[in-house]
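Okay, here's what each chain looks like letter by letter:
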Amino acid sequence: MQFSAAQIAMLIDGKVEGDASALVGSFGKIEEAKAGQLAFLANPKYEEHLYTTQASVIIINESLELKQPVQAALIRVPDAYSAFAGLLNKYQELMTQQLTGIQQPSYVSASAKLGENVFLGAFAYLGDNVTIGNNVKIFPGAFVGNNVTIDDNSIIHPGVKIYHDCKIGKNVTIHAGTVIGGDGFGFAPQPDGSYKKVPQIGNVVIEDFVEIGSNATIDRATIGSTLIKSGAKLDNLIQVAHNVEVGNNTVIAAQAGVSGSTKLGNHVMIGGQAGIVGHIHIADGSKINAQSGVSKSIKMPNSAVTGSPAHDYTSALRSQAITRKLPELEKKVAELEKLIQQLMAEKIGI
Amino acid sequence: MQFSAAQIAMLIDGKVEGDASALVGSFGKIEEAKAGQLAFLANPKYEEHLYTTQASVIIINESLELKQPVQAALIRVPDAYSAFAGLLNKYQELMTQQLTGIQQPSYVSASAKLGENVFLGAFAYLGDNVTIGNNVKIFPGAFVGNNVTIDDNSIIHPGVKIYHDCKIGKNVTIHAGTVIGGDGFGFAPQPDGSYKKVPQIGNVVIEDFVEIGSNATIDRATIGSTLIKSGAKLDNLIQVAHNVEVGNNTVIAAQAGVSGSTKLGNHVMIGGQAGIVGHIHIADGSKINAQSGVSKSIKMPNSAVTGSPAHDYTSALRSQAITRKLPELEKKVAELEKLIQQLMAEKIGI
Amino acid sequence: MQFSAAQIAMLIDGKVEGDASALVGSFGKIEEAKAGQLAFLANPKYEEHLYTTQASVIIINESLELKQPVQAALIRVPDAYSAFAGLLNKYQELMTQQLTGIQQPSYVSASAKLGENVFLGAFAYLGDNVTIGNNVKIFPGAFVGNNVTIDDNSIIHPGVKIYHDCKIGKNVTIHAGTVIGGDGFGFAPQPDGSYKKVPQIGNVVIEDFVEIGSNATIDRATIGSTLIKSGAKLDNLIQVAHNVEVGNNTVIAAQAGVSGSTKLGNHVMIGGQAGIVGHIHIADGSKINAQSGVSKSIKMPNSAVTGSPAHDYTSALRSQAITRKLPELEKKVAELEKLIQQLMAEKIGI
Numbered sequence: 001m002q003f004s005a006a007q008i009a010m011l012i013d014g015k016v017e018g019d020a021s022a023l024v025g026s027f028g029k030i031e032e033a034k035a036g037q038l039a040f041l042a043n044p045k046y047e048e049h050l051y052t053t054q055a056s057v058i059i060i061n062e063s064l065e066l067k068q069p070v071q072a073a074l075i076r077v078p079d080a081y082s083a084f085a086g087l088l089n090k091y092q093e094l095m096t097q098q099l100t101g102i103q104q105p106s107y108v109s110a111s112a113k114l115g116e117n118v119f120l121g122a123f124a125y126l127g128d129n130v131t132i133g134n135n136v137k138i139f140p141g142a143f144v145g146n147n148v149t150i151d152d153n154s155i156i157h158p159g160v161k162i163y164h165d166c167k168i169g170k171n172v173t174i175h176a177g178t179v180i181g182g183d184g185f186g187f188a189p190q191p192d193g194s195y196k197k198v199p200q201i202g203n204v205v206i207e208d209f210v211e212i213g214s215n216a217t218i219d220r221a222t223i224g225s226t227l228i229k230s231g232a233k234l235d236n237l238i239q240v241a242h243n244v245e246v247g248n249n250t251v252i253a254a255q256a257g258v259s260g261s262t263k264l265g266n267h268v269m270i271g272g273q274a275g276i277v278g279h280i281h282i283a284d285g286s287k288i289n290a291q292s293g294v295s296k297s298i299k300m301p302n303s304a305v306t307g308s309p310a311h312d313y314t315s316a317l318r319s320q321a322i323t324r325k326l327p328e329l330e331k332k333v334a335e336l337e338k339l340i341q342q343l344m345a346e347k348i349g350i
Numbered sequence: 001m002q003f004s005a006a007q008i009a010m011l012i013d014g015k016v017e018g019d020a021s022a023l024v025g026s027f028g029k030i031e032e033a034k035a036g037q038l039a040f041l042a043n044p045k046y047e048e049h050l051y052t053t054q055a056s057v058i059i060i061n062e063s064l065e066l067k068q069p070v071q072a073a074l075i076r077v078p079d080a081y082s083a084f085a086g087l088l089n090k091y092q093e094l095m096t097q098q099l100t101g102i103q104q105p106s107y108v109s110a111s112a113k114l115g116e117n118v119f120l121g122a123f124a125y126l127g128d129n130v131t132i133g134n135n136v137k138i139f140p141g142a143f144v145g146n147n148v149t150i151d152d153n154s155i156i157h158p159g160v161k162i163y164h165d166c167k168i169g170k171n172v173t174i175h176a177g178t179v180i181g182g183d184g185f186g187f188a189p190q191p192d193g194s195y196k197k198v199p200q201i202g203n204v205v206i207e208d209f210v211e212i213g214s215n216a217t218i219d220r221a222t223i224g225s226t227l228i229k230s231g232a233k234l235d236n237l238i239q240v241a242h243n244v245e246v247g248n249n250t251v252i253a254a255q256a257g258v259s260g261s262t263k264l265g266n267h268v269m270i271g272g273q274a275g276i277v278g279h280i281h282i283a284d285g286s287k288i289n290a291q292s293g294v295s296k297s298i299k300m301p302n303s304a305v306t307g308s309p310a311h312d313y314t315s316a317l318r319s320q321a322i323t324r325k326l327p328e329l330e331k332k333v334a335e336l337e338k339l340i341q342q343l344m345a346e347k348i349g350i
Numbered sequence: 001m002q003f004s005a006a007q008i009a010m011l012i013d014g015k016v017e018g019d020a021s022a023l024v025g026s027f028g029k030i031e032e033a034k035a036g037q038l039a040f041l042a043n044p045k046y047e048e049h050l051y052t053t054q055a056s057v058i059i060i061n062e063s064l065e066l067k068q069p070v071q072a073a074l075i076r077v078p079d080a081y082s083a084f085a086g087l088l089n090k091y092q093e094l095m096t097q098q099l100t101g102i103q104q105p106s107y108v109s110a111s112a113k114l115g116e117n118v119f120l121g122a123f124a125y126l127g128d129n130v131t132i133g134n135n136v137k138i139f140p141g142a143f144v145g146n147n148v149t150i151d152d153n154s155i156i157h158p159g160v161k162i163y164h165d166c167k168i169g170k171n172v173t174i175h176a177g178t179v180i181g182g183d184g185f186g187f188a189p190q191p192d193g194s195y196k197k198v199p200q201i202g203n204v205v206i207e208d209f210v211e212i213g214s215n216a217t218i219d220r221a222t223i224g225s226t227l228i229k230s231g232a233k234l235d236n237l238i239q240v241a242h243n244v245e246v247g248n249n250t251v252i253a254a255q256a257g258v259s260g261s262t263k264l265g266n267h268v269m270i271g272g273q274a275g276i277v278g279h280i281h282i283a284d285g286s287k288i289n290a291q292s293g294v295s296k297s298i299k300m301p302n303s304a305v306t307g308s309p310a311h312d313y314t315s316a317l318r319s320q321a322i323t324r325k326l327p328e329l330e331k332k333v334a335e336l337e338k339l340i341q342q343l344m345a346e347k348i349g350i
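Residue numbers (my numbering), protein chains in the order written: chain A, 1 to 350; chain B, 1 to 350; chain C, 1 to 350.
Rather than coming from a laboratory, the hints here were simulated on the basis of the structure.
Do not rely on the hints blindly, as some may be mistaken.
Since the list gives no way to pick out one identical chain from another, each pair is judged satisfied if it fits inside one copy or across any two copies.
What the hints assert, rightly or not - Derived pair list, reagent style SDA-like, types lysine to any residue, alpha-carbon separation capped at 20 Å:
{"hint": "1", "residue 1": "Lys-170", "residue 2": "Lys-197"}
{"hint": "2", "residue 1": "Lys-332", "residue 2": "Ala-321"}
{"hint": "3", "residue 1": "Lys-325", "residue 2": "Glu-337"}
{"hint": "4", "residue 1": "Lys-29", "residue 2": "Gly-265"}
{"hint": "5", "residue 1": "Lys-196", "residue 2": "Asn-89"}
{"hint": "6", "residue 1": "Lys-167", "residue 2": "Arg-318"}
{"hint": "7", "residue 1": "Lys-90", "residue 2": "Phe-119"}
{"hint": "8", "residue 1": "Lys-15", "residue 2": "Met-344"}
{"hint": "9", "residue 1": "Lys-299", "residue 2": "Ile-102"}
{"hint": "10", "residue 1": "Lys-332", "residue 2": "Asp-312"}
{"hint": "11", "residue 1": "Lys-331", "residue 2": "His-49"}
{"hint": "12", "residue 1": "Lys-287", "residue 2": "Pro-309"}
{"hint": "13", "residue 1": "Lys-325", "residue 2": "Thr-314"}
{"hint": "14", "residue 1": "Lys-287", "residue 2": "Pro-191"}
{"hint": "15", "residue 1": "Lys-263", "residue 2": "Asn-129"}
{"hint": "16", "residue 1": "Lys-15", "residue 2": "Pro-301"}
{"hint": "17", "residue 1": "Lys-45", "residue 2": "Gly-224"}
{"hint": "18", "residue 1": "Lys-15", "residue 2": "Glu-245"}
{"hint": "19", "residue 1": "Lys-45", "residue 2": "Val-277"}
{"hint": "20", "residue 1": "Lys-332", "residue 2": "Gln-320"}
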């Protein structure tokens, strides 16, 4: 599919300078783009590329003053970055909307109910009593267990596994290989040293506008629900244990883990590879640094912590800095000791 | 499926108080349960919910004295929690037993042998010479490579991948997306700076009553077997490298990793995100704290370690506490230095 | 398939001692091997097993002098280990080469192009405009999205998911469950506290001779390409974020993570569970210890760092050692303080 500079300008409410009939069919970075690609320039640091790029059409800020002639057709807008991002969003939505129909072979239980404009890829599986909303896109090889509901406009990428009884909201995106609703890790120690499984009969509830990355694992609750609240964004390879609650618009970076029954507040930010123990509360707006290990509840909203075990960010940084100077500190103490011994010796000598 | 209070009382050897014909069809937490649900009360801290819950039937301790009238039918037993857990176990077993038959399309090699009462989900794959025991349940999209054996009563969840030649014992549960028997990470450095793959021709042997979480990876041995011994429990996203041995009833929490050829003893407990280097031994009953990095063998049984690199738990906690007081210690040394300089100066002055 | 000692000797250019017609059908460790297996002895430490092993054929160094009679047929070569490893490589290649044909049911778009000698497992999916080179082996349940190219001799294991537009080079191996080309983690904060997705329209490019373990995740670039350069080896459960570049022959151990836009040089070695922040450069030949957290660029080639935050290996080890002695240091400072107070008091007393 190709678009002219004039068509794009109309979509983003911009003004064309140069050849309004110039055609583009894909996107590129300004420094790498080829003929037939659309690029943008937002950061003045990269202005030099404007005069050398092969891109056929470039979106730029209306305030930018050209220092040399430009070969490409230009589209001027108040904010080039958000115009470009908005265009990408429209393009992605268009591509997703076009995806419809049921590829064969796929497995759809007789009791499953499908909305309108649904896409179901080959080798996808819909169990008994599954309910799929309108415009839902389920990619090849995804597994949707019995009694699961997936609400309107959600996208389930290839090979996602959703165990029975879980609920997925509207406009949710789950990336490839992620497992929703596997058993929580609960085993009761027995007198003979073995463990007996504690059945996990709850589910996972994912609210609207949540996005979850690839190969993450969100365990079902022992009883009740593991809950991912509206607008939360979770990256790849994240572990969310049974009965955890993740607050609204909370963001968790890759490979972080949250242990059982912990409640994360709203607008919490958790860095990559951080770990949080079970049965604690993290106050709204808390920032947990990458690789931190949080072992106690955070009670003050908007706290920032780091380290393992995690402590207040500023004092932890000071401790780290001094740790680095420890060899020096040790040396100084040894010197002081020598001086004191000298003083003591002289005193005795007197 | 619905059960009356009388039927449940018979199953768990309890006594009904109230309406013995009250019906329930699912389970709920006492504080959230709705009409038609079964709940339990074990912890006296939650007794208040007994008088307000919507649950239709509640299992309670026979010793509990009611302080107000209760709407629900009660079932009294010596220990409400274990009666409830036992009931859940029976329910889960019942649900699993009912699951039988071979869904289509699935792929079963002509040389594969299946036991009785097996379930094989759609898009599941059984390679050449695969042997599946009685009552084994293999969920949709699971891959079972050539020459694999899966013994009686084991459950293989959706999308599990088991490479060729691996052996799975009895009553094993493997959750969705986990990979058993991928190649160990072995590459020999070459003079030109590149790496040459060391073929990994061993397998993985998983003994009876092992449970493994979702999206974990257990690599095959270079030669011989990577071994997960009877009763071990592994959580989600765990890495077990080639030629590792995990002891009986050893428990490993989510996102932990064990490097090549390391042997974990029996009844070891490993916290989340902990890492263990290769080629070491961890003594029976050792406890390794979350996020620890174990770089040396642990020789004393029942040791507890923490930190990265990991050390004895008690002394590591002391060091951590002092690290936190480092700014103070640094200040004190500076003060002492000043005092000594003063003393020295006066001495010289004398 | 069985081979005689004479046949194997011919393959590895060795000399048979004993029964040249002895047959073997599989490989074993010398200490565990059974009749009908081929073993090797390279390390003199294990020589004792030579006299007790059940193996039928054993490859040994030509320099080894026997101290007792040996039952098995021996094959003498200059270097037993490399002869054995070479044999394994040949065996693996042979087994892989034999794997051809298209199992049913599988899904192949009408616009997909397949080379010669390709294997496509059941439930594998090839989207529109996919191009598959010669001798490529795609195992059951793998997903290959639209416009993906996979070049000659590459192996895609079961359940691998490759999103649209990604490019896989020659002789690449990707293990089960790994996801290539999932969306990068990019969300723009909105005034109301929610996040708006930044479309990820780039791709992933994997060059020749790369091997990637199981359940890893390599995200597609926002624009442009996430790049894994020739010869790089990545272990299981690794996270590579959008727009990252991994250099030639760089090796990354299990559960490590690299954040967005970071560039790793050539021949870098990264230990297990290490984390690297975004937008930095790691110089060629750098060594990053397991569980390290690298927060700044490493500018000196061949640097070694450890700790979180990561610092120069040698000084970090010194700091760690002193940290361990902190309780002692604290005690000494307290003693010095007492001595000084005594000296001060006496001075005043004078």
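How the hints compare with the structure:
no.	hint	in the structure
1	Lys-170 to Lys-197	between (34 Å within a copy, 15 Å between copies)
2	Lys-332 to Ala-321	both (17 Å within a copy, 17 Å between copies)
3	Lys-325 to Glu-337	both (19 Å within a copy, 17 Å between copies)
4	Lys-29 to Gly-265	neither (37 Å within a copy, 22 Å between copies)
5	Lys-196 to Asn-89	between (49 Å within a copy, 10 Å between copies)
6	Lys-167 to Arg-318	neither (45 Å within a copy, 46 Å between copies)
7	Lys-90 to Phe-119	within (19 Å within a copy, 38 Å between copies)
8	Lys-15 to Met-344	neither (86 Å within a copy, 80 Å between copies)
9	Lys-299 to Ile-102	neither (49 Å within a copy, 53 Å between copies)
10	Lys-332 to Asp-312	neither (28 Å within a copy, 22 Å between copies)
11	Lys-331 to His-49	neither (54 Å within a copy, 53 Å between copies)
12	Lys-287 to Pro-309	both (15 Å within a copy, 17 Å between copies)
13	Lys-325 to Thr-314	both (17 Å within a copy, 14 Å between copies)
14	Lys-287 to Pro-191	between (42 Å within a copy, 18 Å between copies)
15	Lys-263 to Asn-129	neither (31 Å within a copy, 46 Å between copies)
16	Lys-15 to Pro-301	neither (46 Å within a copy, 49 Å between copies)
17	Lys-45 to Gly-224	between (53 Å within a copy, 18 Å between copies)
18	Lys-15 to Glu-245	neither (47 Å within a copy, 36 Å between copies)
19	Lys-45 to Val-277	neither (44 Å within a copy, 23 Å between copies)
20	Lys-332 to Gln-320	both (19 Å within a copy, 18 Å between copies)
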